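Residue numbers (this note's numbering), protein chains in the order written: chain B, 1 to 244; chain R, 1001 to 1328.
If you are wondering where the hints come from, they were derived from the structure by calculation, not from laboratory data.
None of the values given here were measured: they were computed from a predicted structure.
No incorrect hints appear here.
Below 20 Å or equal to it, Euclidean Cα-Cα: the simulated SDA-like pairs (lysine to any residue) are: (1) B/Lys30 with R/Ile1233; (2) R/Lys1141 with B/Ala207; (3) R/Lys1146 with R/Glu1100; (4) R/Lys1305 with B/His70; (5) R/Lys1141 with B/Ser188; (6) B/Lys201 with R/Leu1126; (7) R/Lys1141 with B/Asp204; (8) B/Lys226 with B/Ala129.
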Amino acid sequence: MKALDPVLRSVSENALTISFGDSIDPETNKRVFQLYNRLLKNRHTSWRDVIPAYSTVTIVYDVLTIRQTHTAAFQCVRDQVEKIISETQPEENISNRHVRVPVCYDESFAWDGERVAKEKKISIRELAAIHASKLYHVFMIGFLPGFPYMGSVDARIGMPRIATPRTLVPTGSVGIAGEQTGIYPLDSPGGWNIIGKTPLKIFDLCASSPVLIQPGDQVRFIPITKEQFESFDASTFKFVVNES
Amino acid sequence: MSLEVIKSGMADTFQDAGRFGHQHVGINPNGAMDLIAMNVANALAGNDFHEPVLELCFPASTLLCKKPSLIALSGANFTGEINGTPIPINKTIAVPAGSELNFKKTAQGVFGYLAVHGGFSLTFWLGSFSTNMKANAGGWKGRFLKKGDTIDFKKTVNNFNEIRVLPWRANVSEFYSNPEIIRIIRGNELAWLDESSKKKLAEGSFIITPLRDRMGYRLKGESLTRNNNRELISTAATFGTVQLLPDGQLIILMADHQTTGGYPRVGQVIGADRSKLVQCAIGSEIKFYHVTIQEGEDLLISQHKTLRQIQLTCADRLGEFLKSVHEY
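Pulled out of the complex, with its shape left as it was, chain R reads as follows (with noise of 0.2 Å):
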């Protein structure tokens, strides 16, 4: 019994980088909304990228780690305090058993996440520890962690005298720079937008709605109309999937989208933008800017290799300080 919630949050789940295998018979791959702050929070807590991390949306959970451990914030900025000391997220931060974890308010960022060093105790369904909420599996028991779920840590260490947050600090500027411009590939239909349409589509702002969840984000802007009434078929739906709704605003899909979707696809974000898409608060204007997917798939590998230096640096910094305090 490591970790227990002693007040509900509204949405928190567990997830890692997804549940995939499974489409093809209707089970999305879910996952953690932002998986670039997912891997930071876990290579700063000194675990593999894949490991699962706790999910949290505002307002969170407030959580009371009964044993010690070296944890890691990152993502969103919900003013995180440790029994009342503030603390900063994107660096690692030794805690001591008993301590309480709460959230004030939002600071910037729409979705939270929390590694603990060695990872989670949870249920593995299909191939994932994400959590699947039409299916009520995975995660932690299906569904968002409310008041009295105690969850285990699954690597012990020996206790601190007091938090500390160790020096050194992930940089994840370049992942979340020119939040305002988001890049996307052509979509599929995007002939089915009339001129004037496509224009709108290029060089328009679009305001991020508040109806927005874990499976899409709606988004207002210049109504977009279309040069003819075709009905799409049913195929493949992704994340990040712009879709044309008939009320001729879009809607971009997110980690629980449906496996399969009918409306006609203008745009399709790409990979390396979607953290940043994620973190958008209510009310930001965004553009979108097209790319290839050569470069959609460059600007991947290039965020995948600053990714695996934080990492690296990580490992090394945390594996000294472990050493200074003779916990193995």
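Only chain B is shown next, with the shape it has when bound in the complex (with noise of 0.2 Å):
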């Protein structure tokens, strides 16, 4: 389905939403992105969230501020907002960082591996190699602080939630649900199946910016052994390869 023009709603008394419609889709996705990257590029400042998913946009606003020189809080934003659509060329270019995930396959972290493997009548290695075959586009981050959700795997990846979610995932787990991946940056419940794992933090508490990968970003994955994990040294990582 084809992205649409979008749609302003409110959500809340202090949030509004600019939808595109209601599909999974680079195309829709890349809506998206053109206009968050102009909202975040002309930001009022009593926006206090600028939240891009699938197909929205959701801009979490403070009611209170706005009032004291607006009469309608909503009616403001939506002026605002509809100010930026207006100058927003549909052909803009956005210009995504690509970013580099080490990933080890070796079954003692896939802990899934055997299982999609042998479902999808491929080996363990097959799996491997066209997970990391894709580069990957973060729709959005949720579920978790940092979660990205990437998409889209090959179809011969694809694998439904396991029935009954895992009390606890790992730090790293790389997982795929339906034609999703992910990466779990902390312990937590989960569902998605698990078949990697990255020595890469990408959620740390204590760094300026927590949260590495992006919404928007281009993820690749590189494939590496036990040995390089556990060896791991994040200082001489390139992440990020090319930032336009």
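Two chains, two frames, some hints: make the complex.
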């Protein structure tokens, strides 16, 4: 399905959503990120959060601040957004970062590797190779601090979530759910099929920006061996390969 | 070393008005469940509105004030006692060094707030002092308080001879009136409900179930059914979103909600009614009443004006009191 013209809706008396339809596809998400980048460049001080998702951007705003100068906060933010939309060219290029994430697909980390491979009638090696063969787009971050929803995986390895979620999936686990792939930034309960693990700290509490992978990034997985995993040194690893 | 936890509570955390600007990377706002009570407690303690407070859940921690302070409790009433003497909520209390504060039972409400004059010394993380339990960040070591934790007061006051409940009181009744009526704005997927379910949502009663925490409150009512089986694509979620679960029941997202969600949204509780909803006991019945966005905004503004008035009055009275006891 194609991206539609943006529709503005209130979702709360302090939040407005701009929707580009209801499908998960790169074209729709491209429109989302064109607008998202535009909104960030023209951000108003009363906007507390600008949150991109698959087909929507949501702005959370401070009603009390806006009402000091306007009689209706929603109208005010809607006008601000409409002005920005009218100035955004649909063909406008978005400059996404390309980043690299090392992944060890060793069976000691790939808790669901064997099951997924068996079900998809491929070998575990093929599963890893197919997973690492694509450049993935980060559609949005959600669920946990820094959990990237990336897509889309090759149909040969797409798998629905496991029926009974695990109570603990370790930090760094790389999983597949449907056509999406993701990385657990923290130890957490979870239902994604775990096929590997990254030694990269994608969530670092002490960093000034704790979340490494940003919405809109293009991600490539770099297969590493267990030995490389164990001796991994983030300080010598080139995470961002191009920033345009 | 000012406030020591001498007995662990169940889920006490430090919170402020919330952590904003990081939801695009999945870091949710957190913040006090009952922002009004947080602000009232701060006003009574002579603080600014944004000062972090201790949010208490019953059974709450038993606390030892090792240094003197002016404190205030607001929100839920957990029948507080200082050294065995009952103390009221919504009043300023002068507390001598060595006082023990404990809580007997829930008289009313769910989340209580403790503010101290000048505030607590806490960890600042990404623009807020609120506790983020998922990231184990902010507040006090990013977790529930436990026995042995000792938190500093930022401000020192001279000692008091005895516990004194100061004679003024914050009148909070307008914030919590008609607790059974929760006003909502139409949700984006309200049209996904079939006709009889729309009627049930507008006219039926819903009960607050024990399945509730800082992430969400699950309700029990007549099961609601949909007129389609479309799947909602995950999109940003907010505090107060009323979502329809696959079993036909509702959940209302609270302060620790995930940043994105994929259940149909049938309504959105207005900001002005969040505090009274948050304080509804298990088993209480609520009804939803639809209002417009503009009404929601106006109610929030009017509520804020009342809060400002309380804050100004408290600041005056407290200023006079401090002068009279020559604290400064």
